[in-house]
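Engineer: Sequence:
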Amino acid sequence: MPPALSAFHWVFVAFMLAPLVMVVLVSFTDKGYIAMPFDGASWRWYRAIFAAPDFLDAFWRSLALAAVAATLATLLAVPAGMAMAWHRFPGREAMLGLLLSPLMVPHVVLGIALLRFLTQLGASGTLWGLAAAHTVIVLPYVLRLVVAAATGFDRSVAQAAQSLGASGWTVFRRIELPLIVPGVAGGWLIAFINSFDELTMSIFVASAATQTLPVKMYNHIAHTIDPLLASVSTVLIVLTLVLMVALDRFYGLDRVLAGKT
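Numbering (the numbering used here), first residue to last: 17 to 277.
It is worth saying that the hints were derived from the structure and are not from the lab.
Check the hints yourself; a few may be wrong.
[Stated by the list, open to error] Cβ-Cβ distance ranges computed for the label pairs, FRET-style:
#1 Leu137 <-> Val254: 46 to 54 Å
#2 Trp144 <-> Ala34: 34 to 42 Å
#3 Ala83 <-> Leu215: 23 to 31 Å
#4 Leu257 <-> Phe66: 33 to 41 Å
#5 Leu193 <-> Val124: 30 to 38 Å
#6 Pro122 <-> Asp46: 55 to 63 Å
#7 Ala129 <-> Trp102: 18 to 26 Å
#8 Thr87 <-> Val258: 29 to 37 Å
Being a predicted model, the structure only gives us computed values, none of them experimental.
In this text, a Cβ means the ideal position worked out from N, Cα and C, and glycines have one as well.
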């Protein structure tokens, strides 16, 4: 790599990481306002998280919601992705485009549409309504990886098993699913991360009783600016890094970004 390009690369990386580093540093201040910890690090604002039950409730709610949404999206994406990858039928491309459309539609538009839809069903502001909305948002992430994994699957192996008398369920359980499980697990993790961090759509769908952690943080900063948000943000950064490292170890971030098996 040419020296000039290498220097630009490191400047770009530093530019992207600088805001995160600043948030982490501010979280260790002992001041009651946003400030760098020049007088020494303090755990004051991390202890404040445990003294704020509304933040803790929102955290556990977001954690449970992300797990439910990612699981529902995976249960829907696995059969849909296998069908899309292995079969050709009229309207296949249109159906795939429709299922992937939440990636392209602004979340503000989705939030308004889902609010209207859930209100008609009487589910607006409920946890199940929020879980359904999050499932719609994260389904494309799982579907994309499942389709990629299933496309790279050698169907002759399954056909050979069926010719030897294996049932369709046995073929799926013993051959097909184990071979695409890295893509399925990678999709679940990406869906979990995106659901946990989702803010825009949740603002429309959540109620005061079902606020997720991003919504709680957004509402908090609208009234108060203190290092508490920096400490909460640092916890989220660490959690996201742990999940991304797990995804890289289990599946490979380069393969996820490239959409490969």
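Engineer: Does each hint fit the structure? Answer for all of them.
Structural biologist: Against the structure, the hints:
1. Leu137 <-> Val254: 46 to 54 Å: Violated, at about 37 Å.
2. Trp144 <-> Ala34: 34 to 42 Å: 40 Å, holds
3. Ala83 <-> Leu215: 23 to 31 Å: 18 Å, violated
4. Leu257 <-> Phe66: 33 to 41 Å: 21 Å, violated
5. Leu193 <-> Val124: 30 to 38 Å: 37 Å, holds
6. Pro122 <-> Asp46: 55 to 63 Å: 40 Å, violated
7. Ala129 <-> Trp102: 18 to 26 Å: With Cβ atoms ~31 Å apart, the hint is violated.
8. Thr87 <-> Val258: 29 to 37 Å: 19 Å, violated
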